[in-house]
Amino acid sequence: MSSSTHSNEVAHELVERVKSLPPLPAAALRLNELLTRSRTSAREVASLLSSDPAMAGRVLCVANSAQLGCGSRISTLSHAVMVLGFNSVRSIVLTGGLLRSLESGGDYRPGEQRRLWQHAITSGALARAIAVERGERQAEEHMLVGLLHDVGQIVVRGWLRAESERLDVLLRQGLPRGEAELLTLGTTHEEIGAELLTYWQLPKVFADVARFHHEPGLARECRTLAATVHVADILAHAVLQATTPDEEAPLLSHEAWQLLGVGEDRLPAILQAGLGFADRTAVLAGAAA
Amino acid sequence: MSDVDRAGGCRESLSPTEAQVRKVFRRQAGDPLVEAIVRAAVQVLHEREKQGIR
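Chains as they are written, first to last, in my numbering: chain Z, 1 to 289; chain B, 1 to 54.
Derived by calculation from the structure, the hints in this document are not laboratory data. Some hints here could point you the wrong way.
[Stated by the list, open to error] Listed next, the stretches of chain B that the computed footprint assigns to chain Z, with coverage defined by at least 3 CB atoms under 8 angstroms from CB atoms of chain Z:
#1 24–35
#2 40–48
[Claimed, not checked] Which residues of chain Z face chain B? A partial, calculated answer using Cβ under 8 angstroms:
#3 V169
#4 I234
#5 H237
#6 A238
#7 Q241
#8 E247
#9 A249
#10 L251
#11 L252
#12 W257
#13 L259
#14 L260
#15 V262
#16 E264
As the structure is a computational prediction, the values presented were derived from the model and not from experiment. Ideal Cβ positions, reconstructed from N, Cα and C, are used throughout, including at glycine.
So that you can see chain Z by itself, here it is in the shape it has in the complex (with noise of 0.2 angstroms):
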């Protein structure tokens, strides 16, 4: 058996023990679905929304903040989908599912949720930032994919306590989080992302940039988008460096770097016009606090 194999059948397992992970919520998985769709309507969408009452009312909500000082209030869900945009619920609908995952039952240290609850916001949004200086049309496409990169990083804080404090003695000793990631679970954070997604039943583009997003050249069939996550995660690692002292940034590739084919001197609008979507969209999931 190779060892690649080994590694994905222990990562399978892994996700099997911690099958009492919420999954994210039917409605959110069957919306994404919807989205991409070229004939979806409003009412459609609505109607889907309406059959998770804790989505619901995230978007009502969002939709009513965002007309304040309007006068009139949005009361049904086809007028806030109208209001919001089918990629502003997408990412309202898809973050709130996410952080639910991440709030209910998870075992994690003080301050480790927020940690990583962060990361994933802050790296979507870059991913997000990078799209649209590449021209690219599928911006929030990348926003949800980086969003979901780093989700066996959530498994394995959360939900394998004792693992993952071996895995921080290895890392103090400051062996490379992969090395020390296979002798401590016997996989990596990349493979349980992998199957979680693939559990999860997204598209397989998700688990495929959550298997590669630290080798992005070894994604045959999203490399560019694997590539954007790389740079993203990265580029979360350089600005959220205050809530994380002691985490080291990965290895950046120059050969993704250069697929992204962005100039250096873009770097600074990158960053801000990420962390400025990444601050609206920790308001719009109910994160802020």
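With chain Z held as given, fit chain B onto it using these hints.
Coordinates of chain B only, in the frame set by chain Z:
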């Protein structure tokens, strides 16, 4: 030699923010592209600090 010195910076002139960012990239210090990322991150973080955004 401290991590910050090793990263190529002059310790006396570094702000706390820059020292933290450089610490995150200590094993990649000297890579010109990483240096560009560090400079951009520090610039943007300083601007946000001035605006009172954390």
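Results for each hint:
1. Using a Cβ-Cβ cut-off of 8 angstroms, 8 residues of the region 24–35 of chain B lie near chain Z, which meets the minimum of three, so the contact claim holds.
2. Under a criterion of three residues with beta carbons nearer than 8 angstroms to beta carbons of chain Z, the stated coverage of the region 40–48 of chain B is upheld, 7 such residues being counted.
3. About 19 angstroms separates the beta-carbon of V169 of chain Z from the nearest beta-carbon of chain B, more than 8 angstroms, and the hint is not met.
4. For I234 of chain Z, the interface hint holds, since its Cβ comes within 8 angstroms of a Cβ in chain B; the closest pair sits about 7 angstroms apart.
5. Restraint check, H237 of chain Z versus chain B: the minimum CB separation of about 6 angstroms is within 8 angstroms; hint holds.
6. This hint holds: A238 of chain Z has a C-beta 4 angstroms from the nearest C-beta of chain B, less than the 8 angstroms allowed.
7. A hinted interface residue such as Q241 of chain Z counts as satisfied when its beta carbon comes closer than 8 angstroms to some beta carbon of chain B; here the least separation is about 4 angstroms, so the hint holds.
8. The closest approach between the C-beta of E247 of chain Z and any C-beta of chain B is roughly 7 angstroms, which is under the 8 angstroms cut-off, so the hint is satisfied.
9. Hint status for A249 of chain Z relative to chain B: holds, with the closest Cβ pair at about 5 angstroms, below 8 angstroms.
10. For L251 of chain Z, the interface hint holds, the least distance from its beta-carbon to any beta-carbon of chain B being 7 angstroms, beneath 8 angstroms.
11. A distance limit of 8 angstroms between C-beta atoms decides the matter here; for L252 of chain Z the minimum to chain B is near 6 angstroms, and the interface restraint holds.
12. Annotation: interface hint on W257 of chain Z holds; nearest CB of chain B at approximately 6 angstroms, less than 8 angstroms.
13. Interface restraint check: L259 of chain Z against chain B, minimum CB-CB distance 13 angstroms, threshold 8 angstroms, status violated.
14. Interface restraint check: L260 of chain Z against chain B, minimum CB-CB distance 12 angstroms, threshold 8 angstroms, status violated.
15. For the restraint placing V262 of chain Z at the interface with chain B, the shortest Cβ-Cβ distance is roughly 11 angstroms, beyond the 8 angstroms limit, so the hint is violated.
16. The closest approach between the C-beta of E264 of chain Z and any C-beta of chain B is roughly 4 angstroms, which is under the 8 angstroms cut-off, so the hint is satisfied.
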